[in-house]
Amino acid sequence: MSCEEARIFLDAYVDGELDLVHSIELEKHIANCGECARLVENHRTLRSAIQGSSLYYNPAAPLKFPRPAANPRRIYALVALAASLLIAGFFVGRLQPRENHVSQEILDSHLRSLLPGHLTDVQSTDQHTVKPWFDGRLSFSPPVTDFASQGFPLAGGRVDSIGGRQVAALIYQRGKHVINVYVWPSPGSGDTGFDKSAQQGYKVLHWTGAGFEWWLITDLNPSESRDLAALLRAAAR
Amino acid sequence: MLEVQDTRPNPEALHLAEIDRQLLQNAIQELPEEFREAILLRELEGLSYKEIGAITGAPIGTVMSRLARARHRLEKALAGRISRGGVA
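Chains as they are written, first to last, in my numbering: chain A, 7 to 243; chain B, 669 to 756.
Wrong hints could be hidden among the right ones.
[As the list claims (entries may be wrong)] Listed next, the in silico DSSO-like pairs over lysine-lysine satisfying Cα-Cα at most 30 Å (straight line):
#1 744/B / 718/B
#2 34/A / 202/A
#3 744/B / 182/A
#4 202/A / 137/A
#5 137/A / 209/A
#6 209/A / 182/A
#7 182/A / 718/B
#8 202/A / 182/A
#9 137/A / 182/A
#10 34/A / 744/B
#11 744/B / 137/A
#12 34/A / 209/A
[Stated by the list, open to error] Distance ranges between label pairs, derived from CB positions:
#13 722/B / 146/A: 43 to 53 Å
#14 690/B / 135/A: 47 to 57 Å
#15 697/B / 134/A: 47 to 57 Å
#16 714/B / 243/A: 44 to 54 Å
#17 243/A / 712/B: 30 to 40 Å
#18 691/B / 26/A: 55 to 65 Å
#19 216/A / 690/B: 45 to 55 Å
#20 718/B / 204/A: 32 to 42 Å
If you are wondering where the hints come from, they were derived from the structure by calculation, not from laboratory data. Glycine residues also receive a C-beta, built at the ideal position from the N, C-alpha and C atoms.
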């Protein structure tokens, strides 16, 4: 396991949410990598600091809820808190575009999706199953096309979050390679060419077309990723 | 060659352990709402990613990303000297 991979999995590991296989791989890596071991230690120290800081009784200003100990009503307070934070977060997210972080978020999301059980929310090779699945989960209907006959079968779909907005993630496969395609509306933007970049060995293609913003990420070779991008662009027209 | 592992706590971790409460509260208060929500539900309530996702209505991938970013910001704000490559 490389440091890049290890750092994606560190939080899940510290939180006890990483599967056994990845945990063992990560532990092997940490045993030989002082820098990653230090990050794990810092996460754990931060946890003890938060837990030992009596924050429970001194919440930050927006979190001022009465906290009755072991009271079932506590859950309502939590839900109310979550709702208010979500609404506030929504507007803050709207006000602060983080375009320059999109590419990093795409990579993070792609790596997380490769964790067991995280790739698809709806697993189907049928575009007529995947497309309606997004109805009610997103405020838009993403273009979904299966390219099995061209060698890029659709594997399913997922709702993900990029730059603070809910986006559609379409998953294609080519052999054992996984391709994540992120789509969200970009009204008013014209069609652009493919903007190519590389992130830690993964190829990233970005373009706008058919009123959507598209991001494709994969470890496939550049010409194959471009082939899929061209198919997606043509099908969305 | 015999490899001996240094098991002493590293300076950054020690620094974090000695952070006073006010500094930590300030750093948490400065987090964007959705990051603060995720880290508090995780560290104070001890909720799983799935439970946090259910409460906040965020996909699990988003919960993971918010936690990672919250920790990154807190550790940066608190220790100052902690550098973390890779995940921004």
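Hints, one by one, checked against the model:
For the suggested pair residue 744/B and residue 718/B, the alpha carbons sit about 27 Å apart, so the restraint of at most 30 Å is met. Distance check on the hinted pair: residue 34/A and residue 202/A sit about 34 Å apart at the alpha-carbon level, beyond 30 Å; violated. For the given pair, residue 744/B sits about 38 Å from residue 182/A by alpha-carbon distance, which is inconsistent with the 30 Å threshold. Straight-line distance between C-alpha atoms of residue 202/A and residue 137/A comes to about 27 Å, which keeps the hinted pair within the 30 Å bound.
With a C-alpha separation of about 25 Å, the suggested pair residue 137/A and residue 209/A falls inside the 30 Å cut-off, and the hint holds. With a CA separation close to 16 Å, the supplied pair residue 209/A and residue 182/A stays within the 30 Å bound. At most 30 Å may separate the alpha-carbon atoms for a hinted pair to count; residue 182/A and residue 718/B meet this at roughly 28 Å. About 22 Å separates the Cα atoms of residue 202/A and residue 182/A, which keeps this hinted pair within 30 Å; it holds.
Distance restraint check for residue 137/A and residue 182/A: the Cα-Cα separation of roughly 23 Å lies within the 30 Å cut-off, and the hinted pair is therefore satisfied. Distance hint between residue 34/A and residue 744/B is fulfilled; the C-alpha atoms sit about 26 Å from each other, no more than 30 Å. Straight-line distance between C-alpha atoms of residue 744/B and residue 137/A comes to about 41 Å, which puts the hinted pair past the 30 Å bound. A hinted pair counts as satisfied when its Cα atoms are at most 30 Å apart, and residue 34/A with residue 209/A qualifies at roughly 27 Å.
Evaluation of the 43 to 53 Å hint for residue 722/B and residue 146/A yields a failure: the beta carbon distance comes to about 24 Å. A C-beta distance of roughly 53 Å is found between residue 690/B and residue 135/A, which places it inside the suggested range of 47 to 57 Å. Remark: the range hint 47 to 57 Å for residue 697/B to residue 134/A is upheld by a beta-carbon distance near 48 Å. Range check, residue 714/B to residue 243/A: Cβ separation about 50 Å, and the 44 to 54 Å hint holds.
Taken as a hint, the range 30 to 40 Å is violated for the pair residue 243/A and residue 712/B, whose Cβ atoms sit roughly 50 Å apart. Judged by the Cβ atoms, the range 55 to 65 Å given for residue 691/B and residue 26/A is violated: they are separated by roughly 37 Å. The given range of 45 to 55 Å is respected by residue 216/A and residue 690/B, whose C-beta atoms sit roughly 52 Å from each other. A beta carbon spacing of about 33 Å between residue 718/B and residue 204/A agrees with the range 32 to 42 Å that was offered as a hint.
Hints 2, 3, 11, 13, 17, 18, counting from the list given before, are not met by this structure.
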